[in-house]
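Okay, here's what each chain looks like letter by letter:
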Amino acid sequence: MPRPHIEPFVDRDVGFKKMTLPGFKNGIQYKMLSIDKDSGACTMTVQYESGFKQPPGFSYTEMELFVMDGHLMIGGKKYVKGTYIFAPSGTHLPAMSTDEGALCLAFYNFGPPTFEESDADHDKADKSQSLKMLNSYEGLDWQVPTLFPQTAPGCLLKILHLDPKTFGMTFLYCMTPGFWQDNISYHDVAEEAYHIWGTSWMMQFGDLPTGGYFYRPAYINHGCFKSDLGILAIGRTDGDLHNYFHHDPFSTPEENHHRAAAKLARMKPALYKWILTNEHNHLPHDFEYPDDAYNTDGYDSGIHMHEDGTSHSHKSSGAHSHITAPAKKKKK
Amino acid sequence: MTLGSTTIRGNLRPKMTKDEAAWVKQELAEQIDRYKKIVQDMEALAPQREKWVAEFLHRIQTRGFHVHAAIRRVIPKNEVRPRDGRPIQVVF
Ligand SMILES: [Fe+2]
Chain A
1 MPRPHIEPFV
11 DRDVGFKKMT
21 LPGFKNGIQY
31 KMLSIDKDSG
41 ACTMTVQYES
51 GFKQPPGFSY
61 TEMELFVMDG
71 HLMIGGKKYV
81 KGTYIFAPSG
91 THLPAMSTDE
101 GALCLAFYNF
111 GPPTFEESDA
121 DHDKADKSQS
131 LKMLNSYEGL
141 DWQVPTLFPQ
151 TAPGCLLKIL
161 HLDPKTFGMT
171 FLYCMTPGFW
181 QDNISYHDVA
191 EEAYHIWGTS
201 WMMQFGDLPT
211 GGYFYRPAYI
221 NHGCFKSDLG
231 ILAIGRTDGD
241 LHNYFHHDPF
251 STPEENHHRA
261 AAKLARMKPA
271 LYKWILTNEH
281 NHLPHDFEYP
291 DDAYNTDGYD
301 SGIHMHEDGT
311 SHSHKSSGAH
321 SHITAPAKKK
331 KK
Chain B
1 MTLGSTTIRG
11 NLRPKMTKDE
21 AAWVKQELAE
31 QIDRYKKIVQ
41 DMEALAPQRE
51 KWVAEFLHRI
61 QTRGFHVHAA
71 IRRVIPKNEV
81 RPRDGRPIQV
91 VF
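Protein chains in written order, with my numbering: chain A, 1 to 332; chain B, 1 to 92.
Check the hints yourself; a few may be wrong.
[Stated by the list, open to error] Reference excerpt, derived from the structure (chain B facing chain A, CB under 7 Å, subset only):
| hint | residue |
| --- | --- |
| 1 | Arg-13 |
| 2 | Met-16 |
| 3 | Lys-18 |
| 4 | Trp-23 |
| 5 | Leu-28 |
| 6 | Tyr-35 |
| 7 | Phe-56 |
| 8 | Phe-65 |
| 9 | His-68 |
| 10 | Arg-83 |
| 11 | Ile-88 |
| 12 | Val-90 |
| 13 | Val-91 |
[Stated by the list, open to error] Here are the simulated lysine-lysine pairs, DSS-like style, with alpha carbons at most 30 Å apart:
| hint | chain 1 | residue 1 | chain 2 | residue 2 |
| --- | --- | --- | --- | --- |
| 14 | A | Lys-53 | B | Lys-36 |
| 15 | A | Lys-127 | B | Lys-18 |
| 16 | A | Lys-77 | A | Lys-132 |
| 17 | A | Lys-31 | B | Lys-51 |
Treat the hints as calculated values from the structure; they're not laboratory data. Please read these numbers as outputs of a predicted model, since none were measured by experiment. C-beta atoms are modelled at their ideal positions from N, C-alpha and C, and glycine is treated no differently.
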């Protein structure tokens with residue numbers, strides 16, 4: 001996970017920059033929210049200026065776009081605020097333009113932003129997923145999350161995209177006015193979110209207002225939570241989201257990691273034992289995805305930013321944990 | 001990408017062009033500055049955060065701790081892990 005912990009960051013505090021990467025047409029400005037040091041994958045606030053025009057084309061990396069304000073004309077159809085677009089890698093979008101401009105969030109998930117003019121898909125375009133263009137405000141209803149354990153009443157979801165392989169998801173979420181949740185949470189996956197509207201509060205980071213953003217690697221404590229007037233936000237994870245709730249404000253990511261492993265051993269003992277006893281020679285294999293490689297060398301949790309922009313690398317392989325187990329307290 | 005999701009399916013051209021690499025390098029330098037400011041801001045919030053933590057620990061022992069959805073449980077004092085001088089680090 002080579003994106004660092006960026007939390008909290010409010011994009012209203014910084015100005016837009018001109019997009020200068022080759023391939024992109026004039027009339028795009030952006031604010032960088034977070035970027036991956038290895039792959040260049042990133043999340044940005046993007047302003048398409050009024051009069052912006054772009055021919056049909058694709059991104060080499062999987063890309064998501066959410067319209068927060070204004071509109072985009074895509075293939076002659078008008079897409080207003082609330083529009084969510086998911087484009088698998090190499091999948092072309094029709095010609096795009098806007099008269100009034102459009103304020104969007106752009107997610108380039110596995111590489112830097114690219115735009116290649118083309119009226120057809122790349123010949124190696126990812127066909128395991130399909131192009132999605134939906135109006136999330138009018139076309140989807142709010143749902144109570146079905147995660148176990150679940151967030152407190154008053155936090156609702158609209159699932160925009162679920163990655164079929166990792167269960168990473170992109171979702172709108174809201175907190176109703178007066179929402180509160182008195183627990184501390186962490187996950188096995190990275191989580192990022194942007195406040196489209198409203199202010200919420202977390203015990204670690206204080207208030208996160210409209211335009212507020214975070215990219216949070218796995219196992220980092222967040223919460224308790226509240227929102228006085230409610231929020232509307234868009235969130236994204238890079239894998240299956242499980243809420244590990246607890247009430248120790250001082251626990252470290254290492255301890256949280258240990259606790260998650262202990263939970264796995266308790267909740268899925270057969271899988272846990274299988275992984276342990278098959279340590280080095282039998283990496284996971286999925287007959288549905290026989291070409292996938294699961295290389296566990298050099299796992300990088302993304303935790304701890306260094307001067308050179310790299311993160312502290314947590315290296316471990318197979319069943320060998322690099323983390324020292326916390327010392328057991330002697331009972332008095 | 002987390003451990004396990006190690007496929008390159010999501011990027012058809014993993015090797016960056018020279019222009020892209022230069023752009024990413026510049027963005028990373030700016031990201032370090034943003035990160036440093038966040039660390040400073042979060043350190044400045046430390047005294048206030050201590051109060052919030054004390055209030056949280058009080059609430060879970062009186063009003064209750066959210067176990068799942070609307071289910072709350074009042075945490076007995078002996079289940080609150082002693083602090084033992086541990087710091088609160090919030091940015092990693
Ligand atoms: Fe979370």
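Practice task
Please verify that hint: Arg-83(B), Cβ, nearest Cβ of chain A, below 7 Å or not.
Solution key: With a closest approach of 6 Å, the Arg-83(B) hint holds.
Problem - Residue hint Phe-56(B), partner chain A, criterion CB-CB below 7 Å - result: Holds - the Cβ of Phe-56(B) comes within 7 Å of chain A, reaching about 5 Å at its closest.
Exercise for the section: For the pair we were handed, Lys-31(A) and Lys-51(B), check the Cα-Cα distance against 30 Å. Expected result: 34 Å, violated
Handout entry: Hint check, Tyr-35(B) versus chain A [nearest Cβ-Cβ separation less than 7 Å]
Key = At about 5 Å, which falls below the 7 Å cut-off, the nearest Cβ of chain A leaves the hint on Tyr-35(B) intact, so it holds.
Practice task
Please work out if Lys-77(A) and Lys-132(A) have their alpha carbons no farther apart than 30 Å.
Solution key: 14 Å, holds
Problem - Arg-13(B) as chain A interface residue, shortest Cβ-Cβ below 7 Å - result: 4 Å, holds
Problem - Given hint Lys-18(B) paired with Lys-127(A) - CA-CA distance at most 30 Å - result: 28 Å, holds
Handout entry: Closest C-beta approach of Val-91(B) to chain A relative to 7 Å, hint status
Key = With Cβ-Cβ at 6 Å, under 7 Å, it holds.
Exercise for the section: Mind checking the CB of Lys-18(B) against every CB in chain A and telling me if the closest is under 7 Å? Expected result: Status violated, d = 10 Å.
Problem - chain A contact restraint for Ile-88(B) - C-beta distance below 7 Å - result: 6 Å, holds
Practice task
Tell me if Val-90(B) is really an interface residue toward chain A, meaning its C-beta lies closer than 7 Å to one of theirs.
Solution key: Status holds, d = 4 Å.
Handout entry: When the least beta-carbon distance from Leu-28(B) to chain A is tested against 7 Å, hint result
Key = Status holds, d = 4 Å.
In summary, the numbered hints that this structure violates are 3, 14, 17.
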